[in-house]
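K.L.:
Mind docking chain X on chain G? Use the hints.
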Amino acid sequence: MSSEVAALGLANQWGPILFGLVYGLIIGYKFDFEEINKAVYPIVIICGILIAIALGTYPDYQWTLFGHVIRFSEAFFSTIIGMFIMVIIRRQ
Amino acid sequence: MKTSEFEEGRNILMGISLLLISFLIMRTMYLFSDSIIPGMSHLYNLYSGNIAPNIITVILFDFRGYDTLGETFILITAVITTTMVFGWGSIKEAYKKKESLQMTQKSTLIQRLTAFPMSMLLVAFGVTIVLGGHITPGGGFPGGSVIATGYFLSVVIYGLKKTPFRFTHKFLVNLSTIGALIFLLTGVVGLVFSAYYYGTGYYLYNTGVDPYQIINIGAFGWDNILDYPDPTHPGVLPYLNIGVGFNVLAGLSLIAMFLMEAKKDE
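Going down the list, the sequences are from chains G and X. Residues in the first sequence are numbered consecutively from 1, following the numbering used here. Residues in the second sequence are numbered consecutively from 93, following the numbering used here.
Only chain G is shown next, with the shape it has when bound in the complex:
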């Protein structure tokens, strides 16, 4: 697809990004723990990116990155980001 789709997508797709972030913040607000090893966080991020790429199914939801078309589930990744934001806030 051309970059027009990407531009259109970037201009119009803030619905799933915003509401995924809201979900992540609301659920992540209740995270409270000390025992978990910090080494799992990068693994969660990498797994999140891979799963988000695997879940992107709808043709309109796609970005062009380095000449490759990438279908990406923004809702999945923004939820992970929202939860991590709350984890960082809690840890301070």
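Note that these hints are calculated values from the structure, not bench results. Using N, Cα and C, we set each Cβ at its ideal position, and we do this for glycine too. Any given hint could turn out to be false.
As the list claims (entries may be wrong) - Ranges of calculated distance between the beta carbons of each label pair, as one might list FRET restraints:
| # | chain 1 | residue 1 | chain 2 | residue 2 | range |
| --- | --- | --- | --- | --- | --- |
| 1 | G | Val69 | X | Tyr289 | 36 to 44 Å |
| 2 | G | Leu18 | X | Arg102 | 16 to 24 Å |
| 3 | X | Ser127 | G | Tyr41 | 53 to 61 Å |
| 4 | X | Thr120 | G | Val40 | 56 to 64 Å |
P.N.:
Using the frame of chain G, we list chain X on its own:
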């Protein structure tokens, strides 16, 4: 026990009001049968693809919105019933003194190390199902169930006291209520705007898509009120999905929490 005259009078009043309400409901339904146009659902099937790609969600939330509203409240009733039957474990003193659960002691290092990241991924996956309900198979009910599964996984592995998800009763009850209120208030928005612009109010009217072309709000710079900003523009459907998702995730988590507390009490 002897019934007093006051209770007898109340029973008679209740009987009369029941008869009156039954008569009115039956009469309304009989009159409503004249308004049903044969082939309407066939026409709707042809049109529904214009609202959102997933026709099942369109029918679930747009064509049969009242039915889904009823299902949402069935879930709340189920949660209340489970709370009444199994909720006694949470208020007994023994629960507060005992720390560990037998199931928690059995969980291994690998389980404890992987359960929380898995729960995070499950929550994100559930949110994806909720927010993609109008595009892909899924919606508020399965998405909320997946999120509650993530919570239940962490509760089973770490136990209720040490679980990273520090959901409290009050938080879950509030979340469930907010989810139901999102559904109800979205319907009220449709009612108010269709009544203002058309004269007749329709509860749960899809103001984002505006299938009857009656709402014209160009002055504010928006196409329609409650328009969902994504390429498909399905109107209020994602908002209803979000509300149902909150309701289901909170309800099922509450049920899981109460069952765990009841087990701990034994």
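K.L.:
Decide, hint by hint, whether the structure agrees.
P.N.:
Now the hints, each set against the structure:
1. Val69/G / Tyr289/X: 36 to 44 Å: holds, 41 Å
2. Leu18/G / Arg102/X: 16 to 24 Å: Violated - the Cβ-Cβ distance for Leu18/G and Arg102/X, about 52 Å, lies outside 16 to 24 Å.
3. Ser127/X / Tyr41/G: 53 to 61 Å: At 58 Å between Cβs, range holds.
4. Thr120/X / Val40/G: 56 to 64 Å: At roughly 58 Å between Cβ atoms, Val40/G and Thr120/X fall inside 56 to 64 Å, so the hint holds.
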